[in-house]
Every structure is written in structure tokens, then in C-alpha cells.
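**Q** Chains as they are written, first to last, in my numbering: chain A, 1 to 103; chain B, 1 to 103; chain C, 1 to 103; chain D, 1 to 327; chain E, 1 to 327; chain F, 1 to 327.
No wet-lab data here; the hints were simulated from the structure.
Note that this is a predicted model, so its numbers are computed, not measured.
Ideal Cβ placement from N, Cα and C applies to all residues, glycine included.
Hints may contain errors.
[Claimed, not checked] In silico DSS-like links for lysine-lysine, alpha-carbon gap of 27 Å or less:
| no. | chain 1 | residue 1 | chain 2 | residue 2 |
| --- | --- | --- | --- | --- |
| 1 | A | K68 | C | K27 |
| 2 | B | K68 | B | K27 |
| 3 | C | K27 | C | K68 |
| 4 | A | K68 | A | K27 |
| 5 | C | K27 | B | K68 |
| 6 | B | K68 | A | K68 |
[Stated by the list, open to error] Now the stretches of chain B that chain C is said to cover, found in silico as 3 or more residues with beta-carbon under 8 Å:
| no. | stretch |
| --- | --- |
| 7 | 3-15 |
| 8 | 72-78 |
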Amino acid sequence: MQTHRAKRVEITIEAVMQSRLTDALNKAGVTGYTVLPVLGGSGRSGAWNRSGQISRAAGMVQVVCIIKPERLDDLLDGAFSVVERHIGIVTVTDCDVLRAERF
Amino acid sequence: MQTHRAKRVEITIEAVMQSRLTDALNKAGVTGYTVLPVLGGSGRSGAWNRSGQISRAAGMVQVVCIIKPERLDDLLDGAFSVVERHIGIVTVTDCDVLRAERF
Amino acid sequence: MQTHRAKRVEITIEAVMQSRLTDALNKAGVTGYTVLPVLGGSGRSGAWNRSGQISRAAGMVQVVCIIKPERLDDLLDGAFSVVERHIGIVTVTDCDVLRAERF
Amino acid sequence: MEQLFSLAADNLISPIILSFVLGVAASLARSDLSIPEAVAKGLSIYLLFAIGFKGGVSVAAHGIDVKLGMALLVGVVLSAALPLIAFGLLQVMTQMNRLDAAAVAAHYGSISIVTFVAASSILESRGIGFEGYMVAVAAAMEAPAILSALWLVARGAGGQSKGMDGALMREIMLNGSIVLLVGAFFIGWATGEEGLAEISSFIVSPFKGVLCLFLLDMGLVAGRGLREGGGILRPGVLTFGIVMPLVAAAIGLGAGLLLGLSTGGVTLIMVLSASASYIAVPAAMRVALPEANPSLYLTLSLGVTFPFNLTLGIPLYVAIAQAVTGG
Amino acid sequence: MEQLFSLAADNLISPIILSFVLGVAASLARSDLSIPEAVAKGLSIYLLFAIGFKGGVSVAAHGIDVKLGMALLVGVVLSAALPLIAFGLLQVMTQMNRLDAAAVAAHYGSISIVTFVAASSILESRGIGFEGYMVAVAAAMEAPAILSALWLVARGAGGQSKGMDGALMREIMLNGSIVLLVGAFFIGWATGEEGLAEISSFIVSPFKGVLCLFLLDMGLVAGRGLREGGGILRPGVLTFGIVMPLVAAAIGLGAGLLLGLSTGGVTLIMVLSASASYIAVPAAMRVALPEANPSLYLTLSLGVTFPFNLTLGIPLYVAIAQAVTGG
Amino acid sequence: MEQLFSLAADNLISPIILSFVLGVAASLARSDLSIPEAVAKGLSIYLLFAIGFKGGVSVAAHGIDVKLGMALLVGVVLSAALPLIAFGLLQVMTQMNRLDAAAVAAHYGSISIVTFVAASSILESRGIGFEGYMVAVAAAMEAPAILSALWLVARGAGGQSKGMDGALMREIMLNGSIVLLVGAFFIGWATGEEGLAEISSFIVSPFKGVLCLFLLDMGLVAGRGLREGGGILRPGVLTFGIVMPLVAAAIGLGAGLLLGLSTGGVTLIMVLSASASYIAVPAAMRVALPEANPSLYLTLSLGVTFPFNLTLGIPLYVAIAQAVTGG
Ligand SMILES: Nc1ncnc2c1ncn2[C@@H]1O[C@H](COP(=O)(O)O)[C@@H](O)[C@H]1O
Ligand SMILES: Nc1ncnc2c1ncn2[C@@H]1O[C@H](COP(=O)(O)O)[C@@H](O)[C@H]1O
Ligand SMILES: Nc1ncnc2c1ncn2[C@@H]1O[C@H](COP(=O)(O)O)[C@@H](O)[C@H]1O
Ligand code: NA
Ligand code: NA
Ligand code: NA
């Protein structure tokens, strides 16, 4: 089956920042993304989890964008402007996609 | 630690199509998969999210299959038959797995 | 934008084992991870899903760790000690990360 | 007329309607107020269980009416026929393509159980009785409309529709809402007043309050639909969303009189005819007609027709039913 | 005998049982009816809180019975001993391997709190009183069975079992259900009738209705288990799922008489003995004996023994307890 | 004094407080007891809706008090001013940096609606009336504190703060809790006693019971915070968490007397002043001051000040208000 090279960018970020991140992505011309819930995690600022976390304000989400490789830099610049001062992780993976006309 | 090459296929699809997709995967001989919930997203058909989406019918899920590289085409053919007329994203990533005998 | 090579390890495991896994990761020096919920799945031990699974004890979660490539083996050894006798899947993917100082 | 206005005004300042209005307002103002999906589903399970159970108890109390079978049949016919009328109206009033028109039509043949619940709640407040088996009629009207719509599509563009496969058919017939409604109806029937006494402080007393919270959620969802999909509502489409329930209510009125139902029963069959589905049918359409535009049918059903029925439609239908049946 | 039948029939057409039946039927028919996980967990938190609280209030009202300590001790002994009997029966009646048999045995030593709740609800309807501290006995019987089962495994295949580590021990003792049940018991005890008056319209009046919805969910889950794991139930295994509760109830009867409990108390200790765990023990087994087959113990406990106790077992135990205690 | 002790003791052995204590204990013992996030959110939606509605009904019953406008204004001023005092105290009592101190200060200017709910619940038990519009005052006090805190930061380190952008401002003003509280208040106001009668068996009778479960969850969350973040609480910080509510309550007392409120009203404005936010403000701080340490402000607000107010603070404020107003 015919596939096409693409980049998969996964941004783990605090839920309160989600709309700011997607706004920034939109501005960077990235209009396709999927948001996954996050149950908990651990990092330099300690461990947390959703049921029983000290504040329900502090949940995180994972925003996944599949994009054409040539648009990666725009996306990362856009995302970075939001993630910069906040906790959060950005990873980029190579992938292949079906139906490239969608991206 | 000994690892083995495999493919990781991630299919984001409407929740109403989930059972049809997994049936098609089973028919294509793919019996191992994991389903992740999706909170929301955006694409050519606009943005949506779970709490407050216009219909609770419209949620999506992400189906993840790890398979041996040589079985990729069967899987993609099976998945494509379901995804074809529906909205949905299919990505393929190279990965390594522990305990290859499981796949 | 400057990125750095890293490994993305995804471990799908029964929810009852989550704390044992993260303890083992901590012992192996891995203190950063994110936990995603899993809705359902299928494997050699059959299919299950969260609402309507035969026992609510049997849910699974996905633990994602981003680490420096050189620390991969420690992580896998730590994870394997827990996963060994239990059902569960471990995959490793190459990725690039922003802000490598965080890992 | 005056009476109608006061009825409508009374209706409008009830906690139930105002909760819906609050939801719409919060959504339009882009507040982050939201009811978790699991809670909203929990509330709807409660409402379906309670309304089904009470219907069954009422049938147990009044004995099986010979009209029950007839009413079910009429319900099925209404549900199957209304999409054809809706489809005709859409072709006259709007420029929708066949596929979208068929998908929208399916929604208007089927029913909205919350509209039904709100109406029966209002009937109860006003002390207007109704046949307990109307709940079963509601269940019977959920699915046939879908078949009509798929037939409309198949008759037209041919290859466009995957048609109705067995799996989809089973999914529609056994969808959770129908099973719960009908199941609770039978439980109520079997256990009767005695069963009701055991659980009435769960399913009767708090009912209206739960309905408020549920309508708050509906308002949030409808408001969000309007905010995002409102642009899609050209004048013709919008008009359809208000004309269609009136036309359907008139047909429902005829059916109710034909069946010789009580005032409340006539009201409820008007309400069922006038209401449009927003859960079962959209899900079926995503499977069977994925190319049809979901914003169109969802915004119309949930953003236009539902609020119309809830605020103005129901009091109007009550007033007409009272006038016509002399009840 | 006649009385027993009428008792069973009465029991069978209660909303509670019929809700369970509805759930099983919906599941077997592959309806997509489901109760969100969060809601089901919310319902069970409500039930545990309410039953614990009411038990505590009852102890506060009647004073601490000298038998309380004895009853707890007997509960622990029952829980630890029943797995040995279950294990023996399994080796005679089935071809299960040691590991699976031990895992199944653990479930039958422990208890099902919903069965307990359903039984106390039936006792209340019939106006049969029982000792408030039976709730504490229920809590005491949750865990010891697990230790017995692990001991059975360790004694056998040796290296197979990781045995009981400290973390698992703590997890079992402090699992949410036990903590909530015991905690609510103490709150009820401390605040007494006065505390109950403050919250009785939350924990008393709607209790049975909530139980209906919870049993609907249990039915859905049990039905799904039967649908998927039913094939695993060879005749011998199936028979065990019905014989074991009867044997355990008989032993519970002896224990109850020994303790000199009231009719209701004897019934409840029979119910606790006869019921099998389906939450705490499965979770512990997944950690401690991951090689044991979960379909086996879950299908048996939830798909066979739970429905048996709910429908036929409880009325039987009530009748026997009444006959024997003359209550 | 004696009376105060007995009041505190009475308060401490209520189901509400003991549920909170159970939650804290379960958490500290590392039990896995937890309330699903969706259920906890559902409970808080219920509480906000009920308390807002009842406030509105009370205003409808007593007519609009001329003091309503004044009270709102005073509430806004208190909320804006208290952070400055908190900030000052923090600089004297602790070694916190400006940013953390400002973030903590914002929490103490804003309010905790559950503390308010618990206090009004206790007032009702004691038959002490209060102004219905205090609910609106609570809503008015949520946000201004955030602006003060951001101003403190901007005045200081300069570039550190992104300041207040329009989006954040709208988010804070239209956050779900405020919208629901105010919306329900208006619904209650519009529908009055008649509306209340329709839904009182949902929002009045089970209220205290729901509050118990909600406080159980709060206890679990607070206990977890203490377990994980407790180490951060140096003596100075800890002392602040108890001194600040007392200082704020004293200021609130002055405000209440100035406004000429009833005994209950004075108590509630003391409670609002003394309580610290743990939902709206933390979320705003994560957006506006991401560098501030969330463990610090959350542990302090939820792990120290909330339990203090709930157990000792409220009875103290009631006693003082009674003594001062002679109520
Ligand atoms: N190495 C990592 N791998 C995966 N997720 C991480 C990692 N480090 C941090 N995270 C996630 O990011 C959140 C915040 O991290 P931190 O800013 O380091 O406290 C954590 O709670 C995790 O959910
Ligand atoms: N480029 C993308 N990256 C990630 N997810 C996407 C992308 N495009 C679409 N999606 C997901 O697929 C759904 C449907 O997309 P569409 O068919 O484009 O409306 C969206 O709501 C997203 O959840
Ligand atoms: N090939 C696979 N790809 C993705 N997930 C899998 C795969 N095999 C198993 N799983 C997941 O692991 C769980 C247990 O697998 P198993 O031990 O094979 O029964 C399944 O329920 C799935 O969630
Ligand atoms: Na209709
Ligand atoms: Na037992
Ligand atoms: Na305050």
C-alpha cells in the first residue's frame, strides 16, 4: 500500500495550556491535530496522577500532529513559543502515512 | 537487552467505526491491538472535543497495532478497507520490541 | 529548531502493575515518564474493554518514557524485571526532542 | 391565545428551561463550564431508566390497553414516513444535496427522548395524565426513520450508500437507549406499584432536578454546536428546523386522534413526531453515510429544533392537544 | 418449601434482580448499553459509604455487642479456611491445575460486598433485623483468603509464586473498598442516629434505586464475561460455582449459630461465606499469580456464583436461617 | 469559651468533617481509595448548582436587599486587598521569593467555595439565617485577587510576568464555577420558591450527603498533597497557613459589620475572607506564573488552610460573629 513520509510530533503539556498551544499551531498553519488524555506522570517537578492529584488544575494532555516533513520547523517554532516557559515535552518521530493528501 | 524490529501502526478513527476496524484487522490476521481514548482534535472537518462536543456520537479512538514488518501490508489493506470512506488517520512507525515471540 | 536524538519507550501493562513498574523505573534511574489511559485491547489472552470488561481490575495503562539513547538498556532491564511474568508490550522508537537538558 | 402565552411564559421560567438557557449562554460566552462525559452519560442512564420504569408501572396499574399494539404500529409508521416528508421539504426549502438531505431527514423521523421527558414532566406538573405505554412508542420510533433515509439514498445516487448491513441493523435496534428504555419499561410493568414504592425516592422525587443538570449539559452542547456550526445554517435550513417540527406535530396530532389517545397522549405523540434525534441517528449516519456532513444535521437537530421544541413547541402542542381533545 | 418458593419468586420480581437480569440480557444480545466506568465506580463508592455508615449507626444505637470481637475473629477464620475447602473441591470436581485452583479458591474465601448489600436490603424489606457490625465482619473477610491461596501455591509448585511481598500485603489491607467500608462504619458509629438524620435522605431513601443501577452494570459485566469466557466453563467447573456457595453457606450457618447471631445476622454470615470476590481478589491475583487464568476465576465468580446467590441463594439462606433460628 | 469548645467538638464529629478526615487518613496510609475525576467534578457541579439556586431563591423570597450592591463591592475590594496583606505577611514570615509569594497571595485573596458551602451548611443546622446573596459575593471574590497578584509581580521583577492577557482575563471571569454559581443563582431568583419546590428533593434533601462524599474526595486530595508536598512546608510557611485565615477573618468581620449583615452573613464573609482558592487560582497561576511552584501554593491552600477552616476556623468564626452581632 502506498505510503508517504511524514513527521509525528507529540507535545505533552499542561491541560490549561492546551487552547493556547492549538491557537499557536493554527497560527503556524497546522490545523490537524489529535488530543490524547494523560493519566499521570513524573518529571523534575515530581509525580502526579489524575484521581488524587493535589489539584485538578494540574492535569496534562498530549497533542499529536502529523505533518509533512517540510512543515516541521514552522510547527516546532509555533509550539516552542508556548511550551517555552511551561513544563512540557516535545518529541518528533519519523513515520509513514496513508492518504498523504490529507496533510 | 535483545530487541526485534517491528512496525507500530496507529489508526485514529471514529469510535462508531472501532468494532468494524477491529473486525477487519482480525480478518487480516491481526489479533493484537490496543485502543487509546482520544479527547478531541481538529482536521479538515473542524475541531471537536469530548466534553461539549456537538454530539457524543462523534468521538474518536486510537487503535495501535504492533506487528512484524512482513505483515504490514496485510494490516494496511485490512485497515484501509474500513478507513477508506471515513475520516481517520493511519501512521506507521519503525520500532523495536522486547519479546518478539508475542507478535 | 535544535533537536536531540532520544529514545521513546512505550510500555503497555496492567494497571495493577503500574506502581511496581514506575518503582522499577525509578530504581533504574528513570524519573521521567507519562502515563496514558488505555480503553481496551486484544491479544493472546483475548479482547477486553473498560466499560463492560469482566472485571474493572483488568484495565491497562501505557507508560511512555523519553530517555537519552545511552540510558536505554538500564531502562529496559528495569522494565523487563516487572513485565517479565506479566502480560504487556514494550516498544522502543527513535525520536528527536526539544530541550534535551530535561532528560 | 392568551392562555397559550401564559403557558409558554410559565414554561420558560421553569428551572428546567432556564438550566438549558444557562448552558447555551455559557457556551456562547466561551466559558469552560462543562459536564464530564461520564457524568452526562450517567444522567441520561438515570433518565431513561426512570422514565421507562414509570411508564411500565403505569401500564401495570391501568392494565394493558388494547390500543398499545396499535400505538406501537402507528409509531413505527410515523417514524418511517416523516423522513419522506422531511426530505421533500428539504428539497423545496434548501439547496442541500440528496445525501445531506437524507441524513437530516432520518433525524426528524426519529425522536429525542429528552424532549419527551421534558414534555411528560410538564404534563405531570399540570396534572394532565397520559398513557404509560407512550414510552414504548418512543422506543419504537427511534429506528425506522434510519431505514427510510437509507432507502432514499439507495433509490437516488445508487452506489453512494453502503446500504444497511446486518451489523448496523443490529446496532440500531439494540442501541443502549432503546434497550434501557424498553428494559426499564418491562421491569416497571413486572414489579408495578410495589416496585415503584421501593425505588420512588430514587426515580421519582429527584427526577426534575436531575433533568435540570442534564438540560444544562444539553445547553452547553447545543450552544457549542451553534457557535461552531452556526455558520452552516442558511436561512432556508434554519426555517426548516422550525417548520418541520410544526408539520410533524400536526401529523402526530392526526395520529393521536386516530388512536383515540388522552390529551396527554396526544401531546406526547405530537412531541415525538416533532422532535429530532441527536444521539442514535447521528451515530448510525456516521457509519452508513459517512460522506454526509455531521455539522449540518447535528446543528439543526440540537441547535435549532431541540431548543424550539423545549421552549415554544411543547407548550404549543399541549395547548393544541387540550383545545382539540377538549382535555 | 412453598414459602421458600414464594420467597424466591418475590425476590425474583424485585426491581433489583430484574435490573441485573436486564444487564445480562443486554450483554448477551450484544447491545452497546454500558455504564461509564467512572459512574459505576461512583455508584459503588455510594453503596460502600451508605452500608458502612448504616452499620456503624446501628452499632451506636445498640451499644457494642460483646460478640463483635468474636464475630470478627470468626470472619477471619472463615475467610482463611474456605479457600482450603474450595481448593479441595476443585481438585475433586475439576481438572484445574494447582495455580488456577488456588486462584479460584481465593475468590471463594473472600466476599462480594454487593451480594451482602443485596441481602441486607432484602432483610430490611422483610423486616428482619441484623447486627450492625456484620459490615465490619464483611470487611474482615476480604483479605485473609488471599493469604491462604498464596500459601497453597507456595506449598505446591514452589518457585511458581512470587509469594506475598510487603507492598501487596499493604495494597490488599488498604484497598479502597475496605478502607471506605470501615471508615464509613466508624463515621456512622461516631455520629450515630443524629448523623444519620442529617444525611439519611442521601444514604437511606435512594439506596435501593442506586442499587438497581449498580446491579444493571453488574449484569452487563457478568453477561459479557459469560459471552466471552463462558466456553471455559466445563460442567465440573460450572457445578463447583453452585456447589461451593452452598457448602460455604452451610459452614457459615454453623459459624453464625456458634456466635449466637440473630436470624438476620446468621443469614448475612451465610451470604458472606457463600459469596465470592470479584474486585479485590482478582486484582491481587493479577499481581501475585499472573500465570493463573483470569477468565476462569472471573467468569466463575461473577458469571455463575454471583447470579446464583443473588437470585436463588439469598432467599434460600434467609429461609434456612429463619427455620434454624426460629426467627 | 466553653460554648466555643462544645461548638467545635459538635462540628468535629459531624459526618461532613469525619468524611474529610477519612479521606486524609486513607491518603496518608497510601490506600488506593479514590473518587474518579468525573464523579468528583459531577459532585462539585451539583454543589455549585444547589448552593447558587438556593441563594437565588432566598433573594427572591426576601426581596432585593439594598445592601446587595454594597456587599458585592466590598467583596471585590476584599479579594483585591487581601493578597497585598498576604504578600506582606509572607515576606515577613517566610523566605519565599517574590514570585512564589505573589502566587500564594493570590490564593488567599480568592475563596474556596466548599468552605463556604460547609459553613452555610453548619449555619443551617444551627438555625442561623444569612443573606441569600452571599453566594453572589462569593462569586465576586473569586477573580480580583488574581489581578492583585499579577500586579505585585509586574511591580517587582518586571519581565518575569507575562502579565494578564485578554484570553486569561476572560478565562478567569468565565470559569465554569463562577458561571454555574451565578447562573444557578439567577435561575433560583427567577423561579423562586415555586422553582425550589419542584427540585428541592434533588438540591435540598440529599445536599449534606453529597457534601460528605465531596469532602471525602477533598480529604483524599489534601492528604496526598501533604504526603507529597508536605516537606515543602517550613515552619514559617505552615504558620502563615493558619495565621493568614485568622487575619483575613478579622478583616472580613470588619467588612461584615460595616455592611450591617446578619449574624450568618457576617460569618460567611469571614469564611470567604479566610478561605483560600484551590481550583480557579491554581489554574490561572499555571498560565500566568508558570515559574511559581505549584506544590507550595496547593499544599498550603488545600493541605493546611482548608482543613484548618473546616475543623476549627468555621466554629470559631460562628462564635465570634455571634458574640459580636449578639445573634
Ligand atoms: N522523560 C520523560 N518521558 C516522558 N514524559 C516525561 C518525561 N519527563 C517529563 N515528562 C512528563 O512531563 C511532565 C512534567 O515534567 P517536568 O517538567 O519534568 O516535571 C511529567 O509529569 C511527565 O508527564
Ligand atoms: N494532521 C493531523 N495530525 C493529527 N491528527 C489529525 C490530523 N488531521 C486530522 N487528525 C485527526 O483526525 C480527525 C478527523 O480529521 P479530518 O478528517 O481531517 O476532519 C481530527 O479531528 C483529528 O483528531
Ligand atoms: N500486537 C499488539 N499490538 C498492540 N497491542 C497489543 C498487541 N498484543 C497485545 N497488545 C496489548 O496487550 C494486551 C495483553 O496482550 P496479551 O498478553 O497478548 O493478551 C492486549 O489486551 C493489548 O492491549
Ligand atoms: Na420526530
Ligand atoms: Na466467601
Ligand atoms: Na480568601
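**Q** Indicate, hint by hint, whether the structure satisfies it.
**A** Consistency of the hints with the structure:
1. The straight-line distance between the Cα atoms of K68 (chain A) and K27 (chain C) is roughly 39 Å, outside the 27 Å bound, and the hint therefore fails.
2. Only pairs whose Cα atoms come within 27 Å are accepted, and K68 (chain B) paired with K27 (chain B) is accepted, the gap being roughly 17 Å.
3. The hinted pair formed by K27 (chain C) and K68 (chain C) meets the criterion: a straight-line CA distance of about 17 Å does not exceed 27 Å.
4. Our distance criterion of 27 Å between C-alpha atoms is met by K68 (chain A) and K27 (chain A), whose separation comes to about 17 Å.
5. Distance hint between K27 (chain C) and K68 (chain B) is unfulfilled; the C-alpha atoms sit about 32 Å from each other, more than 27 Å.
6. With a CA separation close to 26 Å, the supplied pair K68 (chain B) and K68 (chain A) stays within the 27 Å bound.
7. Given a C-beta distance limit of less than 8 Å, the hint that chain C covers the stretch 3-15 of chain B holds, as 3 residues qualify and 3 suffice.
8. Counting residues of the stretch 72-78 of chain B whose beta carbon lies closer than 8 Å to any beta carbon of chain C gives 0, which falls below the threshold of three, so the coverage claim is violated.
Consistency with the previously given hints fails for numbers 1, 5 and 8, ordered from lowest to highest.
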